Amino acid sequence: MKLTAILLTGAVLLAGHLPGALAREIKLLNVSYDPTRELYQEVNAAFAKAWQAKTGDTLVIQQSHGGSGKQARSIIDGLQADVATLALAYDIDALAEKGRLIPADWQKRLPNNSSPYTSTIVFLVRKGNAKGIKDWDDLIKTGVSVITPNPKTSGGARWNYLAAWAFAAKKLGNDDAKIRGFITRLFKNVPVLDTGARGSTTTFVQRGIGDVLISWENEAFLAIKEYGADKFEIIVPSLSILAEPPVTWVDRVVKKRGTEIVAKAYLDFLYTPEGQTIAAKNFYRPRLEEIAGKFKSQFPEINLVTIDGAFGGWKNAQQVHFAEGGVFDQISSDRR
Amino acid sequence: MQLKFALMPALLAGSLATSSVLYADETADTIQAMKKQIEELDQKVRILERKREIDVEATTSKTPTGPRVELGASGLAVNSADTNFVFKIRGYMQMDGRFGVGETAGPFSDTFLMRRIRPIFEGTLYRKLDYRLMLDFGSGITSSASNDGFVQDAYANLRLAPEFQIQVGKMKEPIGLERLQSGANLLFVERGFPTLLVPNRNVGAMLQGDLFSQVLSYQAGVFNGASDGGSTDFQAFDAGNAAGRLFTTPFKNSGVEALEGFGAGVAGTYGRFTGPMRSYLSPGQRAIFSYVTGTGVLPNVLADGQQWRLSPQGYYYWGPFGIFGEYVLSSQDVRQAGGGVSAGAKATLANRAWQVAGSWFITGEKNSWKPVAVNEPVTFTSNGGWGAVELVARVQGIHIDDDAFPVFANPTTSPSSAFGWGVGVNWHLNRNLKVSLDFENTDFTGGKKNPITGNNEQVIFGQVQVSF
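Protein sequence lines, in the order shown, are assigned to chains S and P.
Residue 320 in our numbering sits at position 320 of the first sequence; the count goes up by one each step and never skips.
Residue 1425 in our numbering sits at position 425 of the second sequence; the count goes up by one each step and never skips.
No wet-lab data here; the hints were simulated from the structure.
From a predicted model like this one, the values you see are computed outputs, not experimental measurements.
Careful: at least some of the hints might be erroneous.
Unchecked claim - The calculated BS3-like cross-link candidates involving lysine-lysine, where the alpha carbons are at most 30 Å apart (straight line), are:
{"hint": "1", "chain 1": "S", "residue 1": "Lys134", "chain 2": "P", "residue 2": "Lys1035"}
{"hint": "2", "chain 1": "S", "residue 1": "Lys108", "chain 2": "P", "residue 2": "Lys1370"}
{"hint": "3", "chain 1": "P", "residue 1": "Lys1036", "chain 2": "S", "residue 2": "Lys231"}
{"hint": "4", "chain 1": "S", "residue 1": "Lys141", "chain 2": "P", "residue 2": "Lys1051"}
{"hint": "5", "chain 1": "P", "residue 1": "Lys1128", "chain 2": "S", "residue 2": "Lys98"}
{"hint": "6", "chain 1": "P", "residue 1": "Lys1252", "chain 2": "S", "residue 2": "Lys134"}
{"hint": "7", "chain 1": "S", "residue 1": "Lys231", "chain 2": "S", "residue 2": "Lys49"}
{"hint": "8", "chain 1": "S", "residue 1": "Lys27", "chain 2": "P", "residue 2": "Lys1370"}
{"hint": "9", "chain 1": "P", "residue 1": "Lys1128", "chain 2": "S", "residue 2": "Lys255"}
{"hint": "10", "chain 1": "P", "residue 1": "Lys1051", "chain 2": "S", "residue 2": "Lys70"}
{"hint": "11", "chain 1": "P", "residue 1": "Lys1252", "chain 2": "S", "residue 2": "Lys54"}
{"hint": "12", "chain 1": "P", "residue 1": "Lys1448", "chain 2": "S", "residue 2": "Lys256"}
{"hint": "13", "chain 1": "S", "residue 1": "Lys27", "chain 2": "P", "residue 2": "Lys1035"}
{"hint": "14", "chain 1": "P", "residue 1": "Lys1036", "chain 2": "S", "residue 2": "Lys131"}
{"hint": "15", "chain 1": "P", "residue 1": "Lys1128", "chain 2": "S", "residue 2": "Lys70"}
{"hint": "16", "chain 1": "P", "residue 1": "Lys1449", "chain 2": "S", "residue 2": "Lys256"}
Claimed, not checked - Computed list of chain P residues with no C-beta within reach of chain S, every gap over 10 Å:
{"hint": "17", "residue": "Ile1054"}
{"hint": "18", "residue": "Ala1058"}
{"hint": "19", "residue": "Thr1083"}
{"hint": "20", "residue": "Thr1111"}
{"hint": "21", "residue": "Ile1141"}
{"hint": "22", "residue": "Pro1162"}
{"hint": "23", "residue": "Arg1191"}
{"hint": "24", "residue": "Ala1239"}
{"hint": "25", "residue": "Pro1250"}
{"hint": "26", "residue": "Gly1255"}
{"hint": "27", "residue": "Ser1279"}
{"hint": "28", "residue": "Ser1290"}
{"hint": "29", "residue": "Val1341"}
{"hint": "30", "residue": "Val1372"}
{"hint": "31", "residue": "Ala1373"}
{"hint": "32", "residue": "Asn1375"}
Cβ coordinates follow ideal geometry from the N, Cα and C atoms, glycine included.
Please model the complete structure; the sequences and the hints are all you need to start from.
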């Protein structure tokens, strides 16, 4: 009887290893920042096709977009994101520190500090560039109307702000008071603060407000692609910042939903030649050298500072500039 | 004069021409100024309209300032606007059927019963202080001076940090692996033999936490003492124990899927317990082993002194497959408290139990220690799926210390060991509804004059579980 029991148990356990689990439909939610809609529409279609070919499973990938900081808060508050593809590492750090949804060392889990593509900050102006905008210091001139989102809610806006700060620091010799004065004047020229980068693009492009949009490079290219080179043009400033939007799977959610494998594979796909090509086609700068080489002519060469080099990392930048009572709050009260 | 008249028209024409040029310049300037003004006004209007648009967007997506009430598959939850305060009502009910079949000997109550009826009230205060109250109104639950069986859990847990938490109240002692699993999430309708040798719920205080990104968890506490399988919320006897458990999932964050679901640990108790000891039950919930408790010439046997337990344990999950195992060694000083020839005899008895149980989701769900997330739940609508189907199997055994016989236990009525195996199927229709069907066979060594253990026990269990 004992032998029968052991054999029976063994048979059931072994059966667990057999392949051929029934093909099924899997749902995945990618919670991302504002301007990645088009990028992930294309990535999702390509990955779902590859996943079905590999496993037979039908993959339905849903997207959610908004200001990066706002999206991070939504995930912490319970939005069931299988993966988070946000604008900056600080917002994903919040998932670890405030939400305890991912481990603190999440950034080490994927190559390039979990940033599969990069971007930078440029200016988008109306065709003809009536105000003659060439560099950051043109944005603080009287009568120039500047569009940028709110750094309190938008990751892109924080990159914009820091790029402007880096320029001012270089030009004004790291004089803190003068730099603050520069940034204050810049934000005095901002008539509307949207919550996200896509909102600012709407304000500038569709609502016709402002002379210049401080924009993600990919967003600026996309506006020209969509609305025509006869309506807008891109101005590359003398100095900008290397933006590294990171990605992660959300451990607590994927474990609960049983989507860990597919979520990881989805993010790995972003690093493949196919994923990198899709990123480049959507005007994100690819990491893979072979793909970067193919799209070299698309991206202008820009003198770039890094968040670590110029600001001591995101934690420090956040604490100094964007935390409650930080520099941005101070200049906002000056602005009022 | 003629010249004067002759020049007049020329002067007039020249004057008119000059004034018309001047007038034209002035008009162009005015038009330019007005155009600029209109453009500025246009921008102002556009800005105002956009700001209004943004305000409307902000209002519609604004975080609520009042409490948020959520009602769903996980029960009822009320959160304060800042999420610092949470109150949840959950619960589960298990309606069982238990039938002795085949070679089952002796009296067996074929019956339907309400195995567990457990409302759960839990929540958080000031973001850091969690509390839980779980009651049970299942069949046969009683309340006595030493334990109120209607109150299963009643504790508060202060989460100072994930690594350092303090829990006080009535709770499960951190020993038995299967005992620590929720009663709503068991593989089989009834837990295995190792659970018979570990304490259930006791009142005490415990430190606990997760270290190294949840790679290592620990619990260490002091509790009222209890006999094997027992619960207490009032210490009626000289007793008390310290309990501790270390459990590691070393590959949890390794990224190697085949290893991430591996966990292993060890738990133990050390202390004193005096007083009557519980009988051990078969899978069919019949008393199969009892210490001598008769009257007349036969003595009573009581726990009387040192008590300790040791339990190595582990599990492994990979994809739809899962297996867990545990071993428990329970040592207890005992004494004959009655009369007769063996009066006053003492011994230290070490009983042992073990089990290995496996499961496989044939519908492909990811297996884990926690409740399953059903891929295609039954929703009772045209869009619903068929749920998840899980096959389960286990082998288990229990061995009573040889020194227990014949002085402390009667070898003719109490078996010295038992070996069991079981198979079953769990149909998780969705996260709220589960239907189980098990078959358990148990062989006994010794105790042949006991009508219950005189032959194998073969039992069919059925269970419908509704949880929310």
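Hint by hint, here is what the structure shows:
1. Lys134/S x Lys1035/P: 26 Å, holds
2. Lys108/S x Lys1370/P: 27 Å, holds
3. Lys1036/P x Lys231/S: 20 Å, holds
4. Lys141/S x Lys1051/P: 23 Å, holds
5. Lys1128/P x Lys98/S: Holds, at roughly 13 Å.
6. Lys1252/P x Lys134/S: 52 Å, violated
7. Lys231/S x Lys49/S: Measuring from Cα to Cα gives roughly 36 Å; hence the hint is violated.
8. Lys27/S x Lys1370/P: With Cα atoms ~20 Å apart, Lys27/S and Lys1370/P stay inside 30 Å; holds.
9. Lys1128/P x Lys255/S: Distance ~24 Å between Lys1128/P and Lys255/S Cα, so the pair holds.
10. Lys1051/P x Lys70/S: 19 Å, holds
11. Lys1252/P x Lys54/S: 25 Å, holds
12. Lys1448/P x Lys256/S: 48 Å, violated
13. Lys27/S x Lys1035/P: It is violated: about 55 Å lies between the C-alpha atoms, which goes past 30 Å.
14. Lys1036/P x Lys131/S: Holds. Lys1036/P to Lys131/S sits at ~14 Å (cutoff 30 Å).
15. Lys1128/P x Lys70/S: Status holds; Cα separation ~24 Å.
16. Lys1449/P x Lys256/S: Distance of about 50 Å is beyond 30 Å: violated.
17. Ile1054: 6 Å, violated
18. Ala1058: 7 Å, violated
19. Thr1083: The claim is violated: Thr1083/P sits with its nearest Cβ about 7 Å from chain S, within 10 Å.
20. Thr1111: 26 Å, holds
21. Ile1141: 32 Å, holds
22. Pro1162: 7 Å, violated
23. Arg1191: Holds, since 17 Å exceeds 10 Å.
24. Ala1239: 37 Å, holds
25. Pro1250: 14 Å, holds
26. Gly1255: 6 Å, violated
27. Ser1279: The claim holds: Ser1279/P sits with its nearest Cβ about 25 Å from chain S, beyond 10 Å.
28. Ser1290: 25 Å, holds
29. Val1341: Correct as stated: the minimum Cβ-Cβ distance to chain S is 38 Å, above 10 Å.
30. Val1372: Violated: least Cβ distance 8 Å, not greater than 10 Å.
31. Ala1373: Non-interface label fails for Ala1373/P: nearest chain S Cβ at 5 Å, not farther than 10 Å.
32. Asn1375: Check fails; 5 Å does not lie beyond 10 Å.
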